[in-house]
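Those sequence lines, one after another, are chains Z and P.
Quick note: the first sequence uses our numbering, first residue 6, plus one each step.
Quick note: the second sequence uses our numbering, first residue 48, plus one each step.
Treat the hints as calculated values from the structure; they're not laboratory data.
Just so you know, not all the hints are guaranteed correct.
[Stated by the list, open to error] Have a look at the derived ranges for each label pair, beta carbon to beta carbon:
#: 1; chain 1: P; residue 1: Ala106; chain 2: Z; residue 2: Glu439; range: 30 to 38 Å
#: 2; chain 1: P; residue 1: Ala106; chain 2: Z; residue 2: Ala382; range: 16 to 24 Å
#: 3; chain 1: Z; residue 1: Val433; chain 2: P; residue 2: Met48; range: 51 to 59 Å
#: 4; chain 1: P; residue 1: Lys49; chain 2: Z; residue 2: Ser67; range: 23 to 31 Å
#: 5; chain 1: P; residue 1: Lys126; chain 2: Z; residue 2: Glu156; range: 53 to 61 Å
#: 6; chain 1: Z; residue 1: His42; chain 2: P; residue 2: Ala106; range: 41 to 49 Å
#: 7; chain 1: Z; residue 1: Ala283; chain 2: P; residue 2: Lys309; range: 19 to 27 Å
#: 8; chain 1: Z; residue 1: Gln272; chain 2: P; residue 2: Asp375; range: 53 to 61 Å
#: 9; chain 1: P; residue 1: Gln454; chain 2: Z; residue 2: Val433; range: 41 to 49 Å
#: 10; chain 1: P; residue 1: Asn112; chain 2: Z; residue 2: Glu22; range: 47 to 55 Å
#: 11; chain 1: Z; residue 1: Ala407; chain 2: P; residue 2: Lys309; range: 48 to 56 Å
#: 12; chain 1: P; residue 1: Glu73; chain 2: Z; residue 2: Ala382; range: 28 to 36 Å
Only a predicted model underlies this, so the values are computations on that prediction, with no experimental measurement involved.
Cβ coordinates follow ideal geometry from the N, Cα and C atoms, glycine included.
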Amino acid sequence: MYPIYLDYAATTPVDPEVIKAMIPYFTTDFGNASSIHSYGRRARQAVDEARKIVAEFLGCESSEVIFTSGGTESDNLAIRGLIASYENTNNTTKVLKYESKKQNTKPHIITTQIEHHAVLNTVKNLEKSGMIEATYLKPNSDGIVSVRDIESAIKPNTVLVSVMYVNNEIGTVQPIREIGKLIEKENKSRVQESKSPKEKSSGLPDFRTRDSHIYFHTDAVQAAEYFDMNVQTLHVDLLTFTAHKIYGPKGIGVLYIKKGTPIKPEQTGGEHEYRKRAGTENVPGIVGIAKAVEIVRKSKSPKVQESESPDSSAGKNQSQNDILRLRNKLIEGILKTVKGSRLNGIRELRSPGNVNISVKNAEGEAILLNLDLQGIAASSGSACTSGALEPSHVLLAIGVPAEIAHGSIRFTLGRHTTETEINRVLEVFPGIVEKVRSISPFK
Amino acid sequence: MKLAVAMSGGVDSSVVAKMMVDEGHEVVGLFLKLWSSPDCGIKRDNRCCDYEALEDARAVANQLNIPFYVINAEKEFKKEVVDYFLNEYKNLRTPNPCIVCNDKIKFDLLLKKALQLGCEKLVSGHYSRIIDSGNSRSEILNSKKITNSKAQDQNNPVIPAKAGIQELINTGSQIESGMTFGGYGLFAGVDELKDQSYMLYRLDQAQLSKVLFPLGEMTKKEVRTLARKWNLPVKEKPESQEICFVAEKDYREFLKRYLPKKYFSPGDIVDQNGGIVGRHEGLVNYTVGQRKGIEQQKSQVPSPESKGNSKSKNQNEDRKPLYVVGFDVEKNRLIVGEDKETFKKEMVVKDVHWIVQSPKVLKSKSQKEISSGLPDSWTHDLSVKIRYRHPGVEISKIKYQISNKAQIPNSQTTTQQWNRVIIEFEKPQRAVTSGQSAVFYSGDEVLGGGIIVE
């Protein structure tokens with residue numbers, strides 16, 4: 006029994022090239038990037054170069070790239086940082102006051118019910134503490150959020166829309182570019198409105214006179230490997246991604262902050278990362294994420310950057326096509342051999358690596374443990390929620406009944422996935438489901 | 048054999064896991080994540096042991112190099128155990144959450160998981176024995192203590208499991224009584240101080256057939272010695288005695304947090320004649336037979352409306368210790384009495400569960416005018432324990448109860464009728480507490496049990 010790893014959405018093995026690039030910054034070039042001496046300068050140079058590579062990847066300026074400890078921190082910084090920026094603005098600019106009891110003087114955030122908990126719980130937490138009001142949009146049963154729903158959810162006090170790029174559980178791809186364009190349009194019309202004299206007498210809330218801007222954040226953690234990450238074509242103001250999902254090290258992530266987007270730092274300390282994120286730079290990590298990004302860029306053909314349809318094979322390189330083919334084989338194989346199984350999330354607008362299957366009358370957890378005992382590593386949702394036996398919030402949001410959501414299992418394929426591995430899964434999976442189904446409770 | 052071991056991070060289950068691995072079984076470690084108060088780790092002074100326990104269990108699994116999984120039973124545990132616990136207190140009963148947990152969580156939910164993983168049995172570190180009589184039950188197993196015949200060299204404890212589980216099940220030991228039919232019997236552990244059979248009486252044949260308790264034949268001392276010999280990471284871990292989900296030092300603090308305020312409205316403490324002797328801080332704080340906390344209040348906080356007469360009365364009375372003997376819910380009064388008033392001659396037991404099968408044969412015992420209603424072999428040494436660690440008291444009579452009328456059982460008595468019984472003790476018992484379990488034994492064998500009603 007050889008181990009089979011099918012949990013690439015949880016994390017990926019670090020590419021040997023990435024490790025090679027990082028090693029000097031643990032050993033010879035270990036300096037603190039803020040130090041004046043040669044050690045520090047070498048570290049600083051590495052950070053600068055890395056930032057440039059990441060900026061090229063995102064199609065932005067170096068100064069718009071903030072290194073963080075990972076996806077969760079980037080999401081927190083984007084959302085909390087933006088909301089916190091409204092607190093301290095001085096009186097002349099007349100922004101909303103949190104003391105105010107009026108509903109519409111609180112900033113409003115639009116997000117979705119299928120976000121990663123790093124976003125979802127952050128918004129919920131802000132809402133609970135009375136800082137914001139929030140709208141959680143329900144996707145359709147395919148697992149896609151509608152642009153029109155976002156449009157109709159926008160209120161005068163909306164300041165932030167946060168929609169994930171690729172869902173971590175079901176792999177569905179959200180229409181980020183369309184949402185971005187919508188928000189841009191909305192922002193333009195707000196500017197015009199505020200210039201018109203009509204606005205002055207309309208009695209709209211104070212804050213609009215300063216900040217009639219809606220910012221757009223996307224958590225692109227699961228998208229970085231396969232999809233267009235150009236912030237210009239995506240029309241986003243804030244974008245999160247992390248290294249360890251793209252064959253880089255854990256503990257290093259990026260938040261793209263478009264110039265002019267108000268973000269108040271979350272932690273206090275030194276003036277690192279353009280005063281947006283205090284703390285000594287994780288130099289090896291930063292070098293590592295840049296290397297990982299370089300490898301991703303090489304693997305993406307120029308066409309994919311423009312590709313609108315993620316499932317079409319056009320514009321993908323050989324390796325991505327392979328992954329897509331194996332993914333389809335796995336989906337079709339399971340649906341054919343396991344009665345009462347279904348694919349969660351639409352197949353056509355889906356990450357090439359993601360398979361999320363629900364099986365009737367069988368607990369996903371038991372299937373998962375059985376797979377593990379056979380050497381197959383999969384997941385019953387996101388790694389952050391497995392171990393909590395609540396049915397997945399994503400599956401519930403797309404309308405999967407709770408008892409079926411319980412029987413769900415996620416396979417995520419990656420660069421090292423082989424045909425043999427997929428064949429092996431197809432060989433053992435039906436038997437495991439049968440076994441799990443045959444045991445009923447005692448009382 | 049492929050086995051699942053229920054690993055709690057304690058010494059007992061860790062030793063069991065190692066024993067099973069050494070025997071050559073394919074072992075999977077399962078850790079039950081149970082509900083604990085959400086305040087855990089946020090408020091001060093809360094003991095929060097579940098993360099520590101998990102780390103300990105994982106450390107043992109790592110040392111043994113076995114797969115280890117956390118099974119999350121928070122929701123089920125909250126519903127089946129914690130809510131039951133709170134509800135019983137609301138109704139002024141004193142629950143035993145471990146019994147429910149064994150029946151509904153450990154040997155149901157967890158057992159099911161074990162079987163779903165393809166394991167043949169779930170192994171746990173309970174000090175109790177399960178004996179499979181096959182079809183010739185009467186020939187097997189006496190429940191006499193095996194300890195005597197065992198080498199008591201603490202440095203070289205006998206590991207019965209070395210003989211292999213199958214052998215352990217088959218051979219048993221020298222038999223005398225036992226039961227007259229086939230099936231799995233549940234017996235006390237040989238270590239009288241650690242015996243946990245009381246907590247397991249609700250298990251049924253289906254559950255017992257899938258469970259192993261390798262420590263039933265061992266003493267705690269031996270288990271500890273093995274843990275040290277094997278250098279298990281938890282070898283010096285102290286015993287846990289508290290209710291696992293109560294983070295507070297005192298379960299009453301837990302009740303205060305989770306029960307509505309109305310359950311803590313103060314009232315009078317009265318003697319059996321209605322004379323006021325003090326004040327209480329809510330009836331849920333008391334349990335029948337309890338002595339602690341009554342005298343103090345008697346002298347400290349006389350009730351305002353009763354100052355006059357109770358004061359003089361108190362002063363004239365001799366200072367005999369007082370015990371809780373009952374509750375007057377309507378008047379929110381705690382009734383106390385002297386030591387002798389806490390004794391009872393009989394009790395009603397409901398929801399009786401019989402492990403093997405409900406008794407059928409009516410027999411008299413020792414020529415006394417007694418109808419135990421139990422099979423002949425059972426009447427030998429028939430006793431009942433009315434709480435955990437209770438030494439047990441002989442039963443002099445069992446009747447079954449239908450619509451509040453006591454009936455003497457006969458061979459026609461149905462299983463359903465055996466569900467609610469009246470037990471007469473050979474000797475009056477102190478603190479017969481409603482909500483606690485009454486567990487029936489024939490010698491070392493657990494016949495069944497139920498919940499004490501009154």
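Comparing the hints with the structure gives:
no.: 1; hint: P/Ala106 / Z/Glu439: 30 to 38 Å; result: holds, 35 Å
no.: 2; hint: P/Ala106 / Z/Ala382: 16 to 24 Å; result: holds, 22 Å
no.: 3; hint: Z/Val433 / P/Met48: 51 to 59 Å; result: violated, 21 Å
no.: 4; hint: P/Lys49 / Z/Ser67: 23 to 31 Å; result: violated, 57 Å
no.: 5; hint: P/Lys126 / Z/Glu156: 53 to 61 Å; result: violated, 42 Å
no.: 6; hint: Z/His42 / P/Ala106: 41 to 49 Å; result: holds, 43 Å
no.: 7; hint: Z/Ala283 / P/Lys309: 19 to 27 Å; result: violated, 50 Å
no.: 8; hint: Z/Gln272 / P/Asp375: 53 to 61 Å; result: holds, 59 Å
no.: 9; hint: P/Gln454 / Z/Val433: 41 to 49 Å; result: violated, 57 Å
no.: 10; hint: P/Asn112 / Z/Glu22: 47 to 55 Å; result: violated, 33 Å
no.: 11; hint: Z/Ala407 / P/Lys309: 48 to 56 Å; result: violated, 34 Å
no.: 12; hint: P/Glu73 / Z/Ala382: 28 to 36 Å; result: violated, 19 Å
The structure shown violates the earlier hints numbered 3, 4, 5, 7, 9, 10, 11, 12.
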